[in-house]
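Participant: One line per chain: the protein sequences are A and B, in this order. Using this note's numbering, the first residue of the first sequence is number 1, and each one after it goes up by one. Using this note's numbering, the first residue of the second sequence is number 1, and each one after it goes up by one.
Among these hints, one or two may not hold up.
[Stated by the list, open to error] Think about it this way: if two alpha-carbon atoms lie no more than 30 Å apart in a straight line, the pair counts; the simulated DSSO-like pairs of lysine-lysine are:
1) B/293 x B/170
2) B/185 x B/170
3) A/63 x A/30
4) B/185 x A/63
5) B/97 x B/185
6) A/63 x B/97
7) A/184 x B/185
8) A/227 x A/63
9) B/185 x A/30
10) A/227 x A/30
11) A/63 x A/184
12) B/185 x B/293
It should be emphasised that the hints constitute simulated quantities derived from the structure, not laboratory data.
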Amino acid sequence: MESPAIELSDVHAWYGESHILHGISLSVQKGQVLTLLGRNGAGRTTTLRAIMGLTGERRGSIKVHGVETIGMPTHTIAHLGLGYCPEERGIFASLTTEENLRLPPLLSTPRSTPMSEEAIYTMFPNLAERRQSPGTRLSGGEQQMLAVARILRTGADILLLDEISEGLAPVIVQALARMITTLKAQGFTILMVEQNFRFAAPLADYFIVVEHGEVALSFPAVELATKQAELDVLLSV
Amino acid sequence: MTDLFGIPLPALLSQLLLGLVNGSFYAMLSLGLAVIFGLLNIINFAHGALYMMGAFLAWMGLEYLGLNYWVMLLLAPLVVGVLGIFIERLLLQWLYKLDHIYSLLLTFGITLVLEGIFRSFYGSSGQQYAVPDALQGATNLGFMVLPNYRAWVVVASITVCLAVWALIEKTSLGATLRAGTENPKLVQAFGINVPRMITLTYAGGVALAAFAGVLAAPILQVTALMGSNLIIVVFAVVVIGGMGSILGSILTGLGLGVIEGLTKVFYPEASSTVVFVVMAIVLLVRPAGLFGKEK
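Here chain A stands alone, though its shape is the one from the complex (with noise of 0.2 Å):
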């Protein structure tokens, strides 16, 4: 059988001395969308940036398309076929929007096609306007689109999104719904962090919810009604 796409087995992570991480464990098939649910502080952002090798200390197993990444530093994990966006954006403000875009290098071994400039242009119009405004004029819609775009031109074919829904208009949360279920239908593969359920919820086809740095509830997205009450237990704050 075909290896999944990212694969946790009992992962611990640490920043630091605080222990953050208590042996998770899950797997992203390929071409399938999961999202990380759960409350702030439960470990989830924590969980993306572990399978990046950003966090401190990690100990267990994550494997990236059946290759064990535990020893690897980040700029090699990353080149397993990885494209990040971290939860603040991480638009560099010293960068034009071009620089931004242009800044991370094509993959060394792209799984997916990697997306053309005039491409990423077409999807996103408004970066087209704004090419050479520094990255943090854009608006906050606009950054996100930014942060999204500049991981297709690498040729990952593994997103890791974290709260992209976060602090933007509805109509933009909209949109990046919409290009969610796009990169969906062109395979690709997505993990990503979500407060934001109802953003979520049509997006998935499986469910993980984080509760102390572990999981504490999983579940495809067709049990999502029958679940929904032990889920809002779990969501509740």
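Position chain B relative to chain A; hints supplied.
Facilitator: Just chain B now, with coordinates in the frame of chain A:
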């Protein structure tokens, strides 16, 4: 003879030129310090010693190997750059996670070791290095006599500074460097080998110091302590310009050289302290420096 505020114009202009020459050295050294500080977040105290090494390598190349000035102008920065790679890989890389004070102490220690080595071999008195043939003599501009070599130093260093500025601000390599200065972790998550970029940036920064050292060899005494004499002023320049600003460090370097030169004409007693007076005033008015951004 024309006078300006009671000072003969040629005297004024020659001090201005001298100020520009000194300013050129300040600019090149503070530029390297700014680039290194931006990406590595360390204050490279060894910068002065590596500048001194550049000057000594120029002298040694001619003395022992018969390599002329022009060859050493390329070779000395290369040798010092390679030394920089070793310093970063073997020593500095272990200190990034610790407080600034550790890298400051380490690079200060490297300074003492390097200066000690050169002093024990060559003593404290200076080595003479002749101005290369092509740049000997002076050109009479009518209103002043311009020594060719000093003109070359100013032109060469401004050219190099602008080239470095363009490389950082206008190219994709520079964009990666700027991004790395802002958020190295994220840049690495895009698949860019940031540790290697850090090593090469350090090497480039210290190579620039060595280049300045070779330029300085024919006009200053080549001594083990020539870097220490300069580096204190250069740190003041970096503070005035604002840490981590590329254009800021170039302009501040040249500007302060000129201010220093003019002070020598109008009030010589203050010429060695004027930079620090400016620093104190700038820190009072703009704590982040003239071109620095408040954090």
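Participant: Next, verify each hint and record whether it holds.
Facilitator: Quick rundown of the hints versus the structure:
no.: 1; hint: B/293 x B/170; in the structure: 20 Å, holds
no.: 2; hint: B/185 x B/170; in the structure: 23 Å, holds
no.: 3; hint: A/63 x A/30; in the structure: 13 Å, holds
no.: 4; hint: B/185 x A/63; in the structure: 21 Å, holds
no.: 5; hint: B/97 x B/185; in the structure: 13 Å, holds
no.: 6; hint: A/63 x B/97; in the structure: 28 Å, holds
no.: 7; hint: A/184 x B/185; in the structure: 28 Å, holds
no.: 8; hint: A/227 x A/63; in the structure: 29 Å, holds
no.: 9; hint: B/185 x A/30; in the structure: 27 Å, holds
no.: 10; hint: A/227 x A/30; in the structure: 24 Å, holds
no.: 11; hint: A/63 x A/184; in the structure: 21 Å, holds
no.: 12; hint: B/185 x B/293; in the structure: 21 Å, holds
Hint compliance for this structure: no hint is broken.
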